[in-house]
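Asker: Spelled out, the chains give:
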Amino acid sequence: MNQLIYDFIKQNQDNILNEWTEKMKEKADERLVRVVSDQMFTRTSREFIDMIISNIESDNEVFTGKLTDFAEKVVRLGWPLTFVNEGLREFNLIVFQGMQANGIVTSENQMDIIYDFDKWSTPLSNEIVNIYARTWEKTVSLQKIALQELSAPLIPVLEGITVMPLVGTIDTQRAKQIMENLLQGVVKHRSEVVLIDITGVPVVDTMVAHHIIQAAEAVRLVGTKCMLCGIRPEIAQTIVNLGINLNEIVTKNSLKKGIEAALEITSRKIVEMEG
Amino acid sequence: MEFQSCVKIINEWDIVAARQLGRNVAKELGFGTVDQARITTAISELARNIYLYAGQGNVYIDKVYDAGKSGLKIVATDEGPGIQDIRKVMEDGYTTSGGLGAGLPGVKRLMDDFDIDSTPGKGTEILATKWIR
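Chains as they are written, first to last, in the working numbering: chain A, 1 to 275; chain B, 1001 to 1133.
To be clear, the hints were calculated from the coordinates, so they are not data collected in a lab. Note that beta-carbon positions come from the ideal geometry of N, C-alpha and C, so glycine has one too.
In silico SDA-like cross-links for lysine to any residue, where the CA-CA straight-line distance does not exceed 20 Å:
1) K1108(B) / G243(A)
2) K176(A) / E1012(B)
3) K176(A) / W1013(B)
One side of the interface only, derived from the structure: several residues of chain A facing chain B at Cβ under 10 Å:
4) T169
5) T172
6) Q173
7) P202
8) D205
9) M207
10) V208
11) A209
12) H210
13) R232
14) I235
15) Q237
16) N241
17) L242
18) G243
19) N245
Just chain A, same shape as in the assembly (with noise of 0.2 Å):
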């Protein structure tokens, strides 16, 4: 780092912040100012002027450390990538306009500090993208994962019956996942009848109801009963106008309805204790 820009930044912090800050609330569009507070706004302004400081005094180390803490909390404060890159622009321009004006840049060093501010500013923002990506990329897997684990799990829930209740959206992975789920735990239960609870799911078009049709036969052909439950109102009457047929398929519009056909199907009833 150019001894001359440092010089500069330590004298000038204050004005810098200040004429920072009043340059960045301008900036700020209206989805930033409404998640943050003006106060919190100018305490994390000042942790960043702080944190390029620092860059400046210590080793690289230490910077790093400091930089993905405050990324993480930027990102997690719900602050835009594009602003924190606009900020750091901004300081650049700040500083160097400031430089200008006190004469300290002249015409003959000019390129010299320019690329000295490059050298710096360039490894500083690609740190705080790689940051922000790193972030991003975590949340994402991991929403993977979370989704992953409440894709299709199959609930034997009285001899010989199961229950596979699905929830949310179902694309062509999920889909591959219930019918290999539904097939391996009707045989591993030994399953007489298997009902399969739609209540949650949002959307039924063509393809999940394709791939419900798929599972219930390729289930019969394991020799158990499938029974579609949790059909809504407003579900029924989309199925109807797409012209989906479902007659193979026995359809109750809750589960406990489904629970209970089941318990005819294999000879049993619940019956209420006296006494």
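Starting from the known structure of chain A, fit chain B onto it as the hints suggest.
Answerer: Chain B in isolation, oriented as in the chain A frame:
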């Protein structure tokens, strides 16, 4: 006419994004739950067709007003292979992908107005509108 909002369909999850948007707009317009389900299902079908056959395209959701009634308009466009025989794809049970073959005729029944325009080799544009009763 200006388009209100657009969802780019590139992968399977964009289908979910498109129908979420459709559901929100339908809710805003005051559609009942059954019509909301019809609209989201129609969007789901159209978006899935784009994903399956064209690879990528756009789904636009638009509020429309005509003669005192208001409605929701879906425009699905792609630059895919196009449809060779439109009459055939509008038949129930016709499919080239091993599906149920109920998609397009289904959308026509789910919605009030339906229009399809396709040039083989150039792409397809489908318009579907649902009016509030």
